[in-house]
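Participant: Each chain, written out:
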Amino acid sequence: MAYYDEEDLDRFQEISRERPELFTAFMHWYDAVLQEGALTKREKALIGLAVAHAIPCPYCIDSYTQTCLDAGSNMEQMTEAIHVAAAIRGGATLIHGLQARRVVEKLSL
Amino acid sequence: MNAHPDNAFENRIAELGFSGLYSDRATTLQVNMGKVCNQACKHCHVDAGPNRTESMNRETIDQVIHALHAFHFETLDITGGAPELNPYFRLLATEAVQMGMHVMVRHNFTVQFTPGCEDLPQFFSSLGMEVIASLPYFLQQQTDAQRGRGVFAQSLQAMRRLNEAGYGQEDTNLLLNLVYNPAGAFFPPAQEALEQEFKRELLQRYQLKFNHLYTLTNMPISRFLHWLQQSGNEARYLKKLKQSFNPAALPGLMCRSTLNVGWDGKLYDCDFNQMLELPAGGETMRLEHLTEEMLQGRRIATGEHCFGCTAGCGSSCGGAIIQTGGVA
Ligand code: SF4
Ligand code: SF4
Chain Y
1 MAYYDEEDLD RFQEISRERP ELFTAFMHWY DAVLQEGALT KREKALIGLA VAHAIPCPYC
61 IDSYTQTCLD AGSNMEQMTE AIHVAAAIRG GATLIHGLQA RRVVEKLSL
Chain H
1 MNAHPDNAFE NRIAELGFSG LYSDRATTLQ VNMGKVCNQA CKHCHVDAGP NRTESMNRET
61 IDQVIHALHA FHFETLDITG GAPELNPYFR LLATEAVQMG MHVMVRHNFT VQFTPGCEDL
121 PQFFSSLGME VIASLPYFLQ QQTDAQRGRG VFAQSLQAMR RLNEAGYGQE DTNLLLNLVY
181 NPAGAFFPPA QEALEQEFKR ELLQRYQLKF NHLYTLTNMP ISRFLHWLQQ SGNEARYLKK
241 LKQSFNPAAL PGLMCRSTLN VGWDGKLYDC DFNQMLELPA GGETMRLEHL TEEMLQGRRI
301 ATGEHCFGCT AGCGSSCGGA IIQTGGVA
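As they're listed, the protein sequences go chains Y and H. If you read the first sequence in our numbering, its first letter stands for residue 1, the second for the next number, and so on. If you read the second sequence in our numbering, its first letter stands for residue 1, the second for the next number, and so on.
No wet-lab data here; the hints were simulated from the structure. Computed from a predicted structure; not experimentally measured. One thing to keep in mind: the hints can contain errors.
Reference excerpt, derived from the structure (chain Y facing chain H, CB under 8 Å, subset only) [stated by the list, open to error]: (1) T40; (2) K44; (3) Q66; (4) L69; (5) D70; (6) A71; (7) G72; (8) N74.
Pairwise CB distance ranges, derived in the manner of DEER restraints [stated by the list, open to error]: (9) L34/Y to E201/H: 22 to 28 Å; (10) Q35/Y to P251/H: 22 to 28 Å; (11) D8/Y to H226/H: 27 to 33 Å; (12) T40/Y to P247/H: 38 to 44 Å; (13) N173/H to Y30/Y: 43 to 49 Å; (14) T79/Y to H66/H: 34 to 40 Å; (15) R17/Y to S231/H: 30 to 36 Å.
Where is the CB? At the ideal position from N, CA and C, for every residue including glycine.
Can you build the whole structure from these sequences, using the hints too?
Facilitator: Okay, here's the thing in structure tokens:
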């Protein structure tokens, strides 16, 4: 069995079979978050794409790549967004080096 | 129960209480002068190209001129192929302008580099024609991927010639409108936002100007359908079109105010139906048999492809039908 199947995106609704009120609440919130506001739909789609890569979730990558295309973003812009996600992940990994350093300093003579 | 087992579009509008799609008074005659084209774009719904030979003849041109006058059309919308390659293109445009009609031409920019077409900007401007030109994107890669290698650079040169002839400038009435369609199996973005971006980028990068940008959805017919099938995108794209059905697009559908004539004089509700050989009024009828009844309240022949006109903000020859709000 494949762990990820693109048809799964269409089956998302099945999550609502149990505790449907939680799913409905999630969907309302999700839809509201992605509406045009102080940020455009296009900016939000690029943020979604960056987060999808940071998570990294194949469903979200598929879905937000399409959303970015529909919103008029090109591959260059999407690549920049992915680099932002990667850079922040990289920075976050690096700064945790301080945790290691503190442990080393504590344990060392 | 589905009243139209083979037509999901009719079923969808029946759910909204419509017993079909009907035309208003047709004020625009759209004339497809033939399938001959200097380009062979991957998304072309006409399946046009340099090897095609279908082209409107003089007799049919005369029938078009007669119909424009007899049925009081307000606008002549000339399309193709590359209509400028038809030997009677200039005659038709000139006659229509002399009748006081608004004349627009769907122009592919690069045709200006075909021998005998170098003076097209001057010809268009001498008649005050509206030019609607295809430019899928302001970057080379996307444009050439869709329309062929080298098309982007030539398009910029051709656009510059049109600007120099007065097109797209603030102080002239010479309209140069651009057409954007996605370079693949996805939807166009919000028209207003993309227009601003095109204006900014074309001005900053190349010092080029235009008036409006029309965003069109790629229709799942002909060459683009073939590509969808070959690339494994067909089912997903068709589903997306259906899921994005927007009833607010129905009143502005171009088939409601336009009648379309093929290169051979046959009548259709729109250029897409022409390619699918779905005749206006349900049976093949030619321009010389056009009647007043055909022009108003005509039942429009529809099919699944009509979901391409009603998805998201809608899509017509004049771009997005709904001007605010993006694609869901
Ligand atoms: S899309 Fe236009 S320019 Fe391209 S092949 Fe078709 S008619 Fe020609
Ligand atoms: S394809 Fe579009 S324009 Fe043509 S009949 Fe269908 S809805 Fe009307």
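Participant: When the structure is checked against the list of hints, which entries are broken? Sort them ascending.
Facilitator: Per hint list: 2, 12 and 14 violated.
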